[in-house]
Amino acid sequence: MRYFGSCFFILLLSACSNPTSQTSQYYGFSLDLSQQQRAEASQPAHTLKVNTVKMSGTADQQGIVQRLDDNKVSVAQYHFWAEHPRYMLTRSLTQALTRDLSQWQILNADVPTTPANSYVLSIVVDDFAGHYKAGSLVSGRWFVYTHRNGDTELLIHRPFTLTEPLKENGFSPLVQALQVSWLKLSADISSQLATITQNPDGTN
Amino acid sequence: MSEHAYIETKPKFSVIWFVPIIALCVTIWMLYQHQLNKGHTVFIKMSNADGIIAGKTQVRVRSVKIGLVESLRLQLEQNAVIAKVQIDTMYEPLLTSDAKIWVVKPRIDESGISGMNTLLSGVYLELEPGTSKIQSSLFTLQDEPALIGADIEGKRYKLKSRHAEVLDVGTGIYFRNFKIGQIESANFNIDNLAMEYGIFVFSPYDQLIADNMIFWVASGVSINLSTEGIDVSTGSLSKLIKGGISVDYPPDQAPSETAEAQMTFALHENFSTALEQRFDDFDFYLIEFEQSIRGLRSGAPVEYRGMRIGTVEQAPAQLKRNGQPLYFQQDSTSIPVLIRIEYGRLFERSAIAREYWQQHIEKWIRNGLRASLKSGNMLTGAIYIELDFYPDAPDARVMTSSLYPTLPSVSSGFTALSEQVTKLLNKLNDLPVNKTLEQLDGTLKEYRQLAMEMNELVDSFNQTGTANKVNENLDNIKVTLTQLTSSLRQFEKTLTHYQQDSTMVEQLTDTLEELESLSNTLKPFAKGLNEQPNMIIFNKQTPDDPEPRKK
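Chains as they are written, first to last, in our numbering: chain A, 1 to 204; chain B, 1 to 551.
Here chain A stands alone, though its shape is the one from the complex:
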C-alpha cells in the first residue's frame, strides 16, 4: 500500500513538470570585425543620410518569418531576432555603405544636421523571411532623394527582390542567407550612388 502511494505521489508530481520545454533562441547578423577604422577623409565630397529601414507587413516583427508552401506563413514562436530587424538592418547597411563609399559621409537620419546638397536614402522592406523554395527572401524598394532649394527631388527609385539558397538546414543558415542578401542590396545601392556622383542630376 505504501509502495502504491509513493508511486501515485511521484506520478502526480511528474504530471506537473514538462521535461520537453523548448527554450527561445535569438539571432542577429554576424559582425564584420575586420572593418578597419576608416581614415577620415579631409572633406567628404557628399553626405548621405540613411533613414531607419521601414519594415512593412509581416516583416514588421521580431519573430523570424518563413513563407511555407500552400501560401502559409509561419511566425516563429521560439526563434527571434535579438532586436527589431529594422535597427539591425539599418546598422548593417550604414556599416556597409561607410565601407564601400569612401568619398561619402554616411550619417544616420536622426543626426541633427542637414549639410547642403545632402542625399537621403530610404528603404522599405516588405519581405524579410525564409522561403520554402528560394531559401531566403528579401524584397522591398529603396529611394534616394535630395533637398534642393527647399524642394524634395526623387533621384532613384528601385524595387528589389533578393533570394539566397540556404547552405544547411536550420535557422542559423537562414540568418546567414538573409545577411548575404542584405549585403548584396547594400552593394547595389553603393554602386548606384557612385553613378550619382558622376552624374549629379540623377539623369541616368
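Treat the hints with caution; some may be incorrect.
The calculated lysine-lysine pairs, modelled on DSBU-like cross-linking and capped at a C-alpha distance of 30 Å, are [what the hints assert, rightly or not]: (1) A/Lys72 to A/Lys54; (2) B/Lys45 to B/Lys155; (3) B/Lys523 to A/Lys54; (4) B/Lys527 to A/Lys133; (5) B/Lys133 to B/Lys158; (6) A/Lys54 to B/Lys527; (7) B/Lys523 to A/Lys133; (8) B/Lys550 to A/Lys184; (9) A/Lys167 to B/Lys550; (10) B/Lys427 to B/Lys374; (11) A/Lys184 to A/Lys167; (12) B/Lys550 to A/Lys133; (13) B/Lys38 to B/Lys56; (14) B/Lys523 to A/Lys72; (15) B/Lys84 to B/Lys45; (16) A/Lys133 to B/Lys551; (17) B/Lys527 to A/Lys72; (18) B/Lys551 to A/Lys167; (19) B/Lys105 to B/Lys56; (20) A/Lys167 to A/Lys133; (21) B/Lys551 to A/Lys184; (22) B/Lys160 to B/Lys100; (23) B/Lys551 to A/Lys72; (24) A/Lys184 to A/Lys54; (25) A/Lys54 to B/Lys550; (26) B/Lys550 to A/Lys72; (27) A/Lys133 to A/Lys184.
Read the hints as simulated data drawn from the structure, not as lab findings.
Let chain A serve as the given structure and place chain B on it in line with the hints.
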C-alpha cells in the same frame, strides 16, 4: 486501635472556579478593548458609491489614513447610498459638523491633473476638518473637492448674476489680469432666477475688495455694437481659453472701505454693462414722439448736449393705461418711449443731482427743453435721445397724467425736413396761377425757411461729431489690433515649446522609442499568451517552429 476516617469539610468554593472567572474577565476586557479601539462610527451619504469598496476604501486627512469604509447600504427611499465608516478614536475631534468629505479620483480640470495615484490604488475619501465646535456623525459626500483648504487665508464673498453665462467652480477671479481668487460654488437660485456664486479671494488681495468694486465676466472676446460704434476687446490667451471674472474699481473712483466678508456683489455681463448698471439711483420718464423711432433700442443713451444723463429703458414703452398699452389710446398717435434719468451720471453724489434735477425740470421745460431723436451712428442706423433747448418750441409742461412724468418732444432730423417739404409741396399745389406778388413773396419765405432748416440739419450733423466718432472707432480698432497682436505673440510663445528639436520633443521622442521597443519585446509574449493563456504558469505548449530547409 480504633480507626476513624478523618472527614474534612469540603470548602464552599473550589479553586477550579477561578479559571472560568478569569476567562470571563479576560473576555470582558477584550470586548471592552475591541469596542474602545473600534473607533467612532460615522455615516456618509452619497448619491452613488462609484469606486468605493467596503472594507478597502480609506478615509484620509492630508493623505494620512484616519478610518475605513466598513459597509455600504442602499437607501432606496432617499435615492442614496449610506456608507458606514469607522474613524480611529484618536481622530474623533476632526469630525466637526462643517467638515467636508469628497472622493479623490483622477480629475482633469483647468487647475491641472490630480488624483493620478488613485488609478492603481483605487479611490479614497479625503476629509477636510472644519472649524466648528459641534461634532457630527452624518456627512454628505461632496461632488467636487474642496478647492480651498481651511488653512488658506482670505475672504469669501458672494456674486449674484442674472445674465452672465454659467461659470465653473474653480474659475479664476482676476484683478487687472492678476489672479486673486476663484469661484468656490455655483448655484442657480430658482426663487429669484439668478446664478449665485461663492467666491474666495486669497489674502492679502482681499484687502483690494472695496464696497464699490465692480465684477464682470471676462469671456475672452467681447464685441459691442452701440451708438458709439463697434468695440472689440480681447484678454490674455489663458483668459481667452478659460474665461474668468474680472474685478476692478469703477473708473475715476477711488476705492472705498474694504468690503466685509460674505458681502454680495452683482456680477455683470461685461465691463460696459457693469459701468451702466452702477447708476442705480434713477427715475423713469416717458417721452411721446410724433415720429418714427426706428433705430432706437433699449440701452441707447439719453444725452443733454452730448453729456450722457440716462438710458432708454423701453422703446416703445410697454406700459398700460386702463388695461391697454399706451399707444392704443385713441386720442394719441404718438409712440411712448420709457427712459431712465440716472442721477449718478449727472454727479457722482446722486442724491444732490436728483434734488437739482427735480427742482429745475419744470423751469427747463417752460424755457424750451425738449427731447428729440438724433442719429448716433450713420453706419448702424442707431439713434439716441437728446435733450436740448428749443426756445421756439410750442409751450409745454411736464405731463404727470400718465404712469410716469412725460417730457415733451420735438420732431427732428429727417422728420422735420420731410414735414417742411410736405408743407411746401402743399403750398405749391395750392398756388393759383393768378397769384399775387405777396403770395409769391410768402412762398419765397417758405423756401428761405427750408434753407434754414437744411442749414440746421447740417449743423446738427456737425454737432453730433460724426467725424470724431469715426476717428474714435479707428482708435478702438487700433487698440483691438494691439491686443490681438499681443495675444498672438503669447500663442506663438506657447507654440515654440512644441517646436521641433526642442528638448521637450526630444524627450518625448526618446520615451516613444523606449515604449516601441518594449512593445516589440512584448509582442511575441502577448501572442503566445493569446494562444495559451496558462503559459505564465506552465511551459509553452505550442509546437516547434518549422525548420528552414536547404533545397
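- Message: Checking each numbered hint in turn, tell me which of them this model violates, lowest number first.
- Response: none
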